[in-house]
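Student: Read off the chains here:
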Amino acid sequence: MTAIIEVQNLQMKYGKEEALKNVSFSIRKGEIFGFLGPSGSGKTTTIKIMTAQLTHTGGQVSVFGQPASEMNKGHNKSKFGILSDNSGLYQRLSIEENLLLYSQLYNLPKSTIEEALAFVNLQKDRKKKVNQLSKGMMQRVVLARTIMHKPPLLFLDEPTSALDPVNAQHIYNGLRKLNELGTTIFLTTHNMEEAELLCNRVAFLHKGEIREIDTPLALKKKYSDHSFTVELENGENHVVYNGEQGAVQLMEWMKAKRVSRMYSNEPTLGDIFVQITGSDL
Amino acid sequence: MNISVKRIQAIFMKDYKEFSRNYVISSVVLMPLVLALFYGRVGSNSIDMYFLPLNITLSMVTTYVQACLIAEEKERNTLRGLMMSPASTFDILFGKSLLVFLMTGIILAVSCYLVGFAPKQIIVIALALALSTAFYLALGTICGLFTKSIMEASLAVLPVMIIFTFGPLALALGEDHLLYKIVEVLPSTQLIRLAELSQANAAFTELIGAFSIITAWTAGAIAISVVLFNKRTKDL
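For the record, the sequence lines run as chains H and Y.
All residue numbers for the first sequence refer to full-length UniProt numbering, where the first residue is 1 and numbers rise by one.
All residue numbers for the second sequence refer to full-length UniProt numbering, where the first residue is 1 and numbers rise by one.
Bound-form chain H, shown alone (with noise of 0.2 Å):
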């Protein structure tokens, strides 16, 4: 499949400090993609040099086959959405109003702004102030306004932070949607279920330095001890590896009707982003 973006031993250095280090990885056309780290790992600065508001240090990006310098020319503009925390919005204008400047800004029709309400749930307050609404809203808005022209790529990063767990899975709805349509999406989140809902693969970063990076199903393997857990009848948890041994005992407790629940110890992403880089996200 088509590479939409590559980056190899890409480097970024402030000054003495070094951003991010050789980090690499490629994103195919139609995948979604997750870069999962802590604040300050390096998502925002990665984000950032893709779509040409800062220049790396070193290193290759390439994005749609052109060095990602190239993202800020007019035509590429209209290649991709971004949403960042950088994403403002104009007070004193309504939803309405902020999305029908931007559906100028990249020429489209007007019922694009009802298609983009929709998408966020927000067709009944498109009326209100920016001024007046909640966190969450606003979050919505800009997303909207993300969406609107239908990129082929989006950039999101932490797109459902401030949202309820309600909205947030209307969200989750609308991504799968468009990436149905084709749109590949490239997400920062330290939301691990978020990420396991959502993307086809995943990349850990840690200090600047991509740790991991494969399918959440693969990575879930690779760090599986392989067992389960049985809960017995008197309460009695018990800790089952694979092999002869445990389906031994796992046998004898069958038989004496003695299994009240079982469940696998299969680790979450962010069990195994703690046992890679040491810390918490």
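What the hints contain is simulated information worked out from the structure, not anything from laboratory work.
You can take every hint at face value.
Below, a sample of chain Y positions facing chain H; criterion: calculated Cβ distance under 7 Å: (1) Asn2; (2) Arg7; (3) Ala10; (4) Lys14; (5) Glu18; (6) Arg76; (7) Ser85; (8) Pro86; (9) Ala87.
Glycine residues also receive a C-beta, built at the ideal position from the N, C-alpha and C atoms.
Following the hints, complete the assembly by docking chain Y onto the known chain H.
Tutor: Same frame as chain H, now just chain Y:
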């Protein structure tokens, strides 16, 4: 150069809506008019006096409001959004200057009427004021781009207001004074010179010097504002 009338219009309309709902900044436009009314009532009849409220309009309305509009975009993180959109540097800078340009034009015209200034060569004066407006707009853009918030921008325009508005008053020090030679080349001084010559029905060739100086200041300020704007499209 990529120019889109639709995008310029969109940015202009957005600025108009925002400005009309921002009572703190929009009330500033009334101050030069009050001053012009006062000067008109006092009965001033020298070009210097006529042009004091006009130069105040150019610094107080044109530079100050423009600086605040740009600084607010930076403060609210909306300028980067515009820069990341398909709008070109020209679309954004022209669109963001249009509102203040038109507003300045109206205030200058009303101020001229209030102070009782009737230009004999109206095209010459209109052209000189339009050029000066472009210069002060570029200064406002530079102040806005250099600062991070409206508060900072409000402070940054103070030297501009003092130097360009009240600079011509230093001419009273006499030709031998060092300040005279500096102040003489200010666009605000040249604007007054040009008006004096124009009111004396001078030939166009006599006006070229003043026009050239104002044009040079304007071109320089616009060039700096464009370079600065393009630098602001990146973090480093």
